[in-house]
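Peer 1: With chain A's structure known, arrange chains B, C and D with the ligands on it following the hints.
Here is how the chains run, residue by residue.
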Amino acid sequence: MSLEPQELDDLTSKIGRKPTSTELQIVAAEWSEHCSYKSSKKHLKMLPMKGRLVISEKGYDSGVLDVGDGYVITAHIESHNHPSAVEPYGGAATGVGGVIRDILSAGTRPIAIFDGLRFGDIEKDLQARWLFKNAVTGIADYGNCLGIPTIGGEVEFDECYSNYALVDVAAIGFGKKKNLIKNHAKKGNIVVLLGGSTGRDGIGGSQFASDSLESENRSAVQIPDPFIEKLIIEAILEARDQHLINAMKDLGGGGLSCAVSETADALSIGIEMDVDKVHTRESDMSPEEIMVSESQERMLIVTTDEKLKKLQIICKKFRIACSVIGHVTTNNMMHVKKGKKTCANLPTDVVANAKLLDRPSKKPAYLETIEQEKKLKPVSDYSKMMLKFLASPNIASKIWVYGQYDHEVGIRTVVKPGKDASVLRLDNGKFLSAKIDGNPKHCYINPREGAIGCFEEACRNVVCTGAKPIGMLDHLQFGNPENPEIFWTFLESLKGLTDFAKYFEIPCVGGKVSLYNETPSGPIKPTPLIGILGLIEKTPISSQIISPGDSLMIIGDTKDEMGGSEYFEYIHKFIGGKCPVVNFKESKSNMNIVLELVKNELLKAAHDCSKGGLAVAISELCMTHKIGCKVSLDKVPGPKLDVDRVLFSESHSRYLLVFEKKNLKKLEDILKKDKISYSVLGKFGGENILFSKSSKPIIDLRVDKAQKTWFNSLRELVVHG
Amino acid sequence: MTTFDVHVIIENKPGISDPEGETILHDLVLKGNHSAVSKIKTAKMLKFTIKEKDKKSAKITVQKICDELRIYNPMVSKVTIDVFDA
Amino acid sequence: MTTFDVHVIIENKPGISDPEGETILHDLVLKGNHSAVSKIKTAKMLKFTIKEKDKKSAKITVQKICDELRIYNPMVSKVTIDVFDA
Amino acid sequence: MKVGVVVFPGSNCDRDMYHVLTDVFKFNAEYFWHEKGLPKNIDAVILPGGFSYGDRLRSGAIAAHSPIIADVRKMAEKGIPILGVCNGFQILVEAGLLPGALLKNTSLNFMCGWTNLIVENNKTPFTNKLKLNQKIPIPIANGEGRYYVDNETLKKLKKNNQIVFRYSEIVNGSTDRIAGVCNESGNVVGMMPHPERAAESAINPIDNKPSSLIFESLLDTIGVTN
Ligand SMILES: Nc1ncnc2c1ncn2[C@@H]1O[C@H](COP(=O)(O)OP(=O)(O)O)[C@@H](O)[C@H]1O
Ligand SMILES: [Mg+2]
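Protein chains in written order, with the numbering used here: chain A, 1 to 721; chain B, 1 to 86; chain C, 1 to 86; chain D, 1 to 226.
Rather than coming from a laboratory, the hints here were simulated on the basis of the structure.
Yeah, the Cβ is synthetic: ideal placement off N, Cα and C, and Gly gets one too.
Accuracy of the hints is not assured; some may be wrong.
To be verified - Below, a sample of chain A positions facing chain B; criterion: calculated Cβ distance under 10 Å: (1) Pro88; (2) Gly90; (3) Trp130; (4) Asn134; (5) Ser197; (6) Gly199; (7) Arg200; (8) Asp201; (9) Val221; (10) Ile223; (11) Pro226; (12) Val278; (13) Arg281; (14) Ser295; (15) Leu717; (16) Val719.
As the list claims (entries may be wrong) - Listed next, with one range per pair, are the computed distances between beta-carbon atoms: (17) Lys56(B) - Asn160(D): 48 to 58 Å; (18) Lys209(D) - Pro548(A): 22 to 32 Å; (19) Lys573(A) - Asn33(C): 25 to 35 Å.
Looking at chain A on its own, in the form it has when it is part of the complex:
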């Protein structure tokens, strides 16, 4: 680990002397892109962070939202891309562990996990398959052991992730507002390190995350220990209930260096600590190694001498180690000693605040021509094509994944994975709905509109459960920011998200930036990921059986927006065209109308239309409810389009609604008053999914056959190749 020459000069001039070797390591960890956000921080400020429900506290790693009646939810998102690309099992598992500790830091109990997974083409690429399989097992083994349900996520395959992996994890916490840890510290308080022992694993991890992936520096392997993490959670919550915690921070990237400097900086205090007091796994670790080790499952706590005894009793009960490693001072210095010897003594604001950069940006050259379409080979048999499409890894059901995750533990999961967003019941009678979404294929073609599309898609998913979006998490994943073209795509995505967040008044409650996502064959496609939290005041849309005779309606226009569609890319192997664009006004009225219809209990089911377009979304409804449907494509609202475009365009702001025929009039009254573009497309019943145009059948599939293919193909591919 090392600093850039100008950073070294900067550090030297700020402290007025040559830094010691320990100081160099500490600063290198903290000033890495991963910990300091030096490329992005200036720009992230544009996102709206405040809102009616947002509670901000100093030193929190997670966002906090007030959900009423004295309760709060917390949320955070993280990625563990580099580690997962070399050790998918451990990398993905420790990713879960890390984000859970962020939730815990605020003093809330983690109640849900989400995972977003991206790999290369698993149909052709054995390495991608191996990464995928092991990352899923890693997440399952960790989350399941903790007893925190993994209730949703997404999985996507794209050649741009070959030999690489994006593993994103988000977590949600829940608790009483009065139990939130109000981080504070004063002179004489003591600093305690609690949890697993500090070892050599993960040394240099944050630096590693900020380099592009090359085999020489594949050194940061972390071994997950979910059992210890579970004990830490219970111990911390017990300590919280006994008011033993003055301030708390989890140890993540940059290890003790970051946790100590950031805690001191956030609370305007100094911390003096002794590396000899840290419980280590190996006896011969140097002060540098102890300070930057990224061993998992550790928490830093500021408490008082009087409270320490009780804290130690709790730790003993849960058989976890806890060491007093230092105390709070008032001189705003981070003073690291080894016994009597000083190894580092630095102003905390210098350590915690790297010099922010203003990186140059430039519109990528490829974008000049990307929207041009080429002539595609016509599809001769749409039924056959559709079956193949339903079996394709990006479209196929993800049950092989979420079926390995305990998504019921905690008995809050009212709407379970497999539909749009999942829904949890809260202790105050309300419900929380959440989903994460990304779409690198759209973002590659148009980083701004693509990012907005992810935002809207995540909103649509929670809206389909009857929830109003109340907060957003963003995770911005790009290649090397030193490349102006890549940095431009980062800025465009960020601006798009900001515009949408402001228009919809959805505050950003947390986020993460992950840069340098590159392999020897190049950067990944821009991959912003959006998590949406939605609140349901009364009842979520209940799981109802769709019966023969029920009607299917679509809301929103289907437009000629095929760029980045699964149809272009999977069926025609073509990357290009215009990607879908969200019309903010239309988007808002459609969202509001669906919420109103759910609230008036006029719907049996609502489903959003996204990847794979109308054809896939309607099939999903049929397959999950095991019922056929007759759909007339002539009635699809929007401009006149060729049949394949109507079927597979991925235009946003569209919802499929299922309702009892007798409610049509009531529905129309509401829809008309808001000038919503809608149409009744068809009727459920029978054993076939049937799409027709001008009375001519276009797609005709048996539901059971389609369902079997869609349900099993991912597992077949992963397990049996």
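Peer 2: Chains B, C and D with the ligands alone, transformed into the frame defined by chain A:
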């Protein structure tokens, strides 16, 4: 061609922690008062039955299979391969 | 007292199926065209580091630990114990 | 009537079980940490699910040696109703309080999803309000849930009416589709599926009644004496 039993032992590399071994040691064996034991390390074993011309080629083939099919991840684990007459 | 490495191999008794071994054989090894392999069986291994006066008593102690603490479930598994100089 | 919920390091369905016992069925329940003893005035004991000791060595293998197990054993001998759910079942088996073994699922994966149970014995304290052959929609969530017994034991189980639940179809390769068993006297019951996850209409809107009857059976058994 002769049949051989090939034992493949997969374990975490030295220096990489083994939480399972530690739990078995501390929460089971030491609590059971068996203080003569100072360490427990867990490993996974695969026993292959294979037809090859000699011991040496049996070992080479199995090593190749393990590497090629990613039966273990060389980043975290090491393998030891022993060949026995069946 | 001398330090010994004691390897405990826990595996399913004959007759009890080993789906993991079968999966590795069929979905990985045979698909990868390594038809010389005819069988794969998985086992779990625990490596004890123990101080005892000699090999024999090291083996006896570890066997006792395994029985007493049910390191293996006798209904389904059997253990094999090998002692090595550390 | 007091129900003890035993908590081991790594238990993670203890709070769910407690919630259902107290908030839904109005039992008087209390948590017992595995290092504690159980008081004499306990009327029933439940070992909840989770990952005691991180499932290391084998699910339930380490927790079976916890101090509290000695008391659970005594209570079992006294005929007090004892229920082990999921990891609790695994612990009872590892402690020798129930026969058999729980092996890795044939899929080799953790499996979470809904299945149906068939009631095979409605004479236990946890099933006496259910009908024979009644169907119970219920979730499973386990990695080592494949119940195994050898032929001889299986014969004995059948003869003594010790098979309490079967899966309605093959889910994980269990011997004879067994999902839950009891001891010879019938007061100790173990089951892999999670009744506490299916007993409320919010979670199981279609049919929460059968799972509720498992708790109501217990209410009936121990409620009467009080
Ligand atoms: N990695 C995953 N982990 C957990 N659940 C997943 C995962 N991938 C997909 N799912 C679940 O499968 C369902 C479909 O996912 P997805 O296709 O992403 O939905 P949508 O298109 O509505 O965004 C959702 O309920 C989602 O939560
Ligand atoms: Mg959706």
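Peer 1: Should the hint that aspartate 201(A) touches chain B count as held when the rule is a Cβ pair under 10 Å?
Peer 2: holds, 6 Å
Peer 1: Using Cβ atoms only, decide whether serine 197(A) comes closer than 10 Å to chain B, and label the hint accordingly.
Peer 2: Serine 197(A) check passes; min Cβ-Cβ to chain B is 8 Å, inside 10 Å.
Peer 1: Can you verify the interface hint for proline 88(A): is its Cβ closer than 10 Å to any Cβ in chain B?
Peer 2: Check passed: Cβ of proline 88(A) comes within 8 Å of chain B, closer than 10 Å.
Peer 1: Does the Cβ-Cβ separation between lysine 209(D) and proline 548(A) fall within 22 to 32 Å?
Peer 2: holds, 27 Å
Peer 1: Should the hint that lysine 573(A) and asparagine 33(C) are 25 to 35 Å apart at their CB atoms be regarded as holding?
Peer 2: Holds - the Cβ-Cβ distance for lysine 573(A) and asparagine 33(C), about 29 Å, lies within 25 to 35 Å.
Peer 1: Next item in the hint list is serine 295(A). Is there a CB on chain B closer than 10 Å to its CB?
Peer 2: Constraint on serine 295(A) satisfied, holds at 8 Å.
Peer 1: Close enough to count: is the Cβ of glycine 90(A) nearer than 10 Å to one in chain B?
Peer 2: Holds: closest Cβ of chain B sits about 7 Å from glycine 90(A), inside 10 Å.
Peer 1: Do the numbers back the hint for arginine 200(A), that is, is its least Cβ distance to chain B under 10 Å?
Peer 2: holds, 6 Å
Peer 1: Checking hints one by one. Is valine 278(A) an interface residue toward chain B, by the C-beta closer than 10 Å rule?
Peer 2: Violated. Min distance 16 Å.
Peer 1: Are asparagine 134(A) and chain B close enough, Cβ to Cβ, to be under 10 Å, as the hint says?
Peer 2: holds, 8 Å
Peer 1: Tell me if the interface restraint on isoleucine 223(A) is satisfied: Cβ within less than 10 Å of some Cβ in chain B.
Peer 2: Because about 5 Å separates isoleucine 223(A) from the closest Cβ in chain B, which is inside the 10 Å limit, the hint holds.
Peer 1: Using 10 Å as the Cβ threshold, decide whether glycine 199(A) counts as touching chain B.
Peer 2: holds, 6 Å
In terms of the numbered hints stated before, the structure departs from hints 12, 15, 16, listed from lowest to highest.
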